[in-house]
Each structure stands twice: as structure tokens, then as C-alpha cells.
Amino acid sequence: MKTLQHFLANQPHAEVQTTRKYNKKQAIKTFVSKFQTPFDMKDDAIDLRTMADNYEHGIIPLEDIHQAIVTVLGPNYAPLEFDYDPSEGVEITMGAGTARNPKFTYIDWSQAYLWPIFQRDVAPNHSQKIYVDFDPTCVIVPCAIKFTINGKVYYCIWDGHHTIQVCRLKGYSKFPVWFIDTDIIEDAVIEKAGFNPKTERIAYGCWLAGHNMIRINSKNKRKLSPYDEFMIKLETRDADAVAMMNILSKNNCTPKRHATMAGAFTQIKSGQECFELADTYGNRGQFWDRALNFHRTVWPKAPLELEVFRPLSILYHKAATQGLALDAQFDKELETLLVSTYGDPTTVQETIKESYWDAYYNNKGSGRPAEHDKTRVVDGLINLYNQKVNRATLPPADYVWKV
Amino acid sequence: MNILYIFQDPLGADDSKAGKTSHPDVRLGVYQNSYSARSHLAQFDYAFYGSKKAVDNLEKAIKTEFDWDIEQDGRGFSEWIGNHTSKQVFEKVEEIIQGYRSKVTKVPDEFLPLNINNLQAFKEWLTEQP
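Going down the list, the protein sequences come from chains A and B.
The working numbering puts the first residue of the first sequence at 1, with every later residue one more than the last.
The working numbering puts the first residue of the second sequence at 1001, with every later residue one more than the last.
Since the hints were derived computationally from the structure, they do not count as laboratory data.
Wrong hints could be hidden among the right ones.
For lysine-lysine, the following PhoX-like pairs were computed, each having C-alpha atoms within a straight-line distance of at most 20 Å [what the hints assert, rightly or not]:
#1 A/K29 / B/K1063
#2 A/K25 / B/K1017
#3 A/K353 / B/K1017
#4 A/K353 / B/K1052
#5 A/K301 / B/K1123
#6 B/K1092 / B/K1123
Make the full structure from the sequences, and use the hints.
See the structure below:
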């Protein structure tokens, strides 16, 4: 029988015209291949900490990060040329004849105002939070919009109000601001936004400030992820972060943003919760340590599964609190039980939870139903062990069902 | 029946596809659609069977493991692992199964490659298993 390969091999060669569309994965792969130390590049994060390993002193040129961003976003985002110099103020919108804004200046306290129509309420406790942690080296420049009303100049803050108030509390006499000067905005720009430049110049300024306030504080705000926070704390030698990292390293686990490798630890907040579980002397971390050791020993290639290491930490903690010794034999028994019953760690926790819900909705269980997945799996592990092994004495499950 | 299957590009590239199906007969038919069986009979070079959850989670683990070898995302692309023969993928999948302790079982050699001609025999064999 002639095979397709045979058929193709005997056809006259016809050039197939194909224009390959932008292939993000290939573009990223090619980009990363230029570096000695490879690093993750995803839509939601480029792993700069690992990327930095490729540079002297770990300091990365912004141009290289720019190239990485363009690689992820695609060629349409690459600027055609770099001819835009904002140092003398930027055009408020693109187009001919527009005034150049914003500007930077220092203002007096008497010139600083707040127009609540485009600002949120002030929170004294937030100012207090900044005050306690205040350092003049980390003042972000507040943003303002400048109006002239009946000959009087108002700099109305639309971002950084709490910061500027704390500066005042700290005795500042001059205040840095980036500001938009509504007085110099061309009529055409105001008209384009749907306002009458003769009668609604102030209203336009309010609209612009409100719009920008939402852009900065809500629409385009990127919250600091628990992963980034943890890594920054680690770099700055926060005691808890260092202790957690010691436990992770001991168990060959790596903090990661994505679960892309064996031992990847992605659930930072929950990990902190497990780390906090202390013995009767207040020593933290030992139950989490044991849970991680169990996880890595039983499933060496798998990333850490939250609903496995967390219930295990809780179970070890509960047992210790109740004076129940769970010996090494218990871990062996549990390993055999979980692997023979379910296999991989994701299947372990998913199946236990499904079993819980089946018992709950069909009234097959008794006791107090769990309110959270972590306790559902804890109860599931206890019930499963008691039903199949029943050697060691475990803390009682709040909700008992046949797993 | 939930199957995790691996097969190599029948046109000769050293690229392989790893996918899952609960209807292997339908899936083989879909692959057969593009060419005559006189040229090539659609087949799974290697396969594993197990519960739906075990197979689903194994497939996720495979995609994570081969992340950058899967050259393009999107329908029809995301299961093709570049520059890996089906044997190489199979060996890697066996490592993954060991490391994840996945509760799946390899389809016996006597039914490999699995195709539409021996699928029924495999199904019958499977029903006889404890």
C-alpha cells in the first residue's frame, strides 16, 4: 500500500505560499533562547527576577524589558519611531495645535485644593498608615488639575491626596505636583471631548481629572500580587519570609507565580496561613514543613497542590494540639492510601471534595458540615484513614461520611 | 473509557500529539477524516486509560511539562509537541505518571498501535479486567 509520505514524496514540488501569522509562543521561545538563563514570559508576568540573572549585578536595561513586552504583546505594539520628547510637557491629546501638558512644579499649601466631585473621601486611618511608614524618599508626586476661576488659581489634587496630606502632617511647606493646566488647553481639544470651550472649560477639566483618577486607581491598577510581595519581603530579609523560604528550600520547593514545575509553590497567602500554625510553645512552621515533605516525597514531579498541603498542615496541627502523636508510619499509611485510591494530588483533593458534596446533598453524612474546602479535605482525609486503615488515633472529623 | 493517547505526525515530522478522549472511536474517525485509510490508518501509537479525573489531570501535567515544546496555542495546535517523536513523548509521559503517581494504566502492547481495527478487542479486554 502506498503511504501518504510516498505520495507526497513523488509529487512535483509546488511552493505553498503561506504567510505565517504572529505566533506568540514561538516569538517568546526565540526571545528567551537568546539568554543564558531562561525565564518565564507570560501575559500576566515576565519573570524579571530570573531574567536579572543574565545581567551584571542583576540590573536589567529597560530596553530589554521593553523588547520582552513587545515580544509578548506582538509587533503591532512596537512604536515605529522614538520621536516623542515629553520633557517640555506632552500634548494633552494627539493632534495639531494642542497645548503642552502636564507640567511639574512645587506649590504652596494655600494653592492646594480638593474638588470632591472627582476625588474619593479622605480616610484618616489611611493617612495614619502612610504617616507611620512615612519616608521622604518614597513620596510619589501627587497629580493635580489647575483651574483659574475668577482670577484665582486652584490646584485640585486628583491622585495622591492622602500622600500630600501626610506631607503636610510631616511639616512640608512646598508640595510637588504634576498638573494639567486647563487654561492652556486648546478649544478644539475640549470640543472633541464633547464640551463647550467657552462655557465648559472647568467642567471639561473636572471630567478629565475624574476620568484620570479612575484610570489610575481602578481601571488600570495592578494590585501587588502575593507572589511579588513575598519575593520583595524575601529580598529585604523579612524574618517570616526568610523562615518560610528556609522551609521551602529544605523541601526542594520554589516560590513561583505559575505552577509550571515540580515543587512550585504558588499559593503564597495560604502557605503563610499554614506556616503560622504553631505548636503549644508558639513555634511556627513545623506542621507546614511536614506537609511539604509529605507532598514532595509522595508526588516528586508535581507542583504543590494547595488543597493537599493545607489540609495536611491543619491535620498535623490539630493532632499535635490534641496530644495525638502521628508517627512516621502514619505518613507511610496515608501515602499508600492516597496513591492507591486516587493517584495524583489534584485527583486526591478533587475527588475528596466531590465525595463530600455527594454526602452533603444526599444526607449521607453526620455532624457539622464544613464551611471551607480546606476543612472538607481535612475531614475527608480523617474519614478515609479511619475507614481504610484506622491504626493511629486521629482528631475527630467535624463531618463524618463514607469517603 | 477515558484514554490519554500519543501519536506521531503521520506525514513524517518529528512532532507528536498528546490528547485525551472518552470516545476513542470518534476521535480516531476525526483524525481519519483528513486522509484516506489507504494512505494512512489513523492510530494511537501509545495510550493510557484511567478515570476521567486521572486522565484530565495527567493531560494538564503533560501540557505543563511540554509547555514550550507546544509551539502554538489554539484549536488544532495546542496538543502538538514539536521535535519529539511519539516514543520520546511516551517516555516523558511515563516519567510524569511516576512523578505524579497518576492512577492510569498503559494500554497493553498487544493493542498498540490502537486503531479502529483493534479498538473493539481492546474494549472487550478492558471489560474483563478486575
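Consistency of the hints with the structure:
1. Note on A/K29 and B/K1063: the hinted pairing holds, with a Cα-Cα distance of about 16 Å set against a maximum of 20 Å.
2. Simply put, A/K25 and B/K1017 have alpha-carbon atoms about 17 Å apart, close enough for the 20 Å limit, and the pair holds.
3. Taken as a hint, the A/K353 and B/K1017 pair is broken in the structure, with Cα atoms around 32 Å apart against an allowance of 20 Å.
4. A distance of roughly 16 Å separates the Cα atoms of A/K353 and B/K1052; the hinted pair therefore holds under the 20 Å criterion.
5. With a C-alpha separation of about 31 Å, the suggested pairing of A/K301 with B/K1123 is violated against the 20 Å cut-off.
6. A hinted pair counts as satisfied when its Cα atoms are at most 20 Å apart, and B/K1092 with B/K1123 does not qualify at roughly 26 Å.
Checked against the numbered hints above, the structure breaks hints 3, 5, 6 and satisfies the rest.
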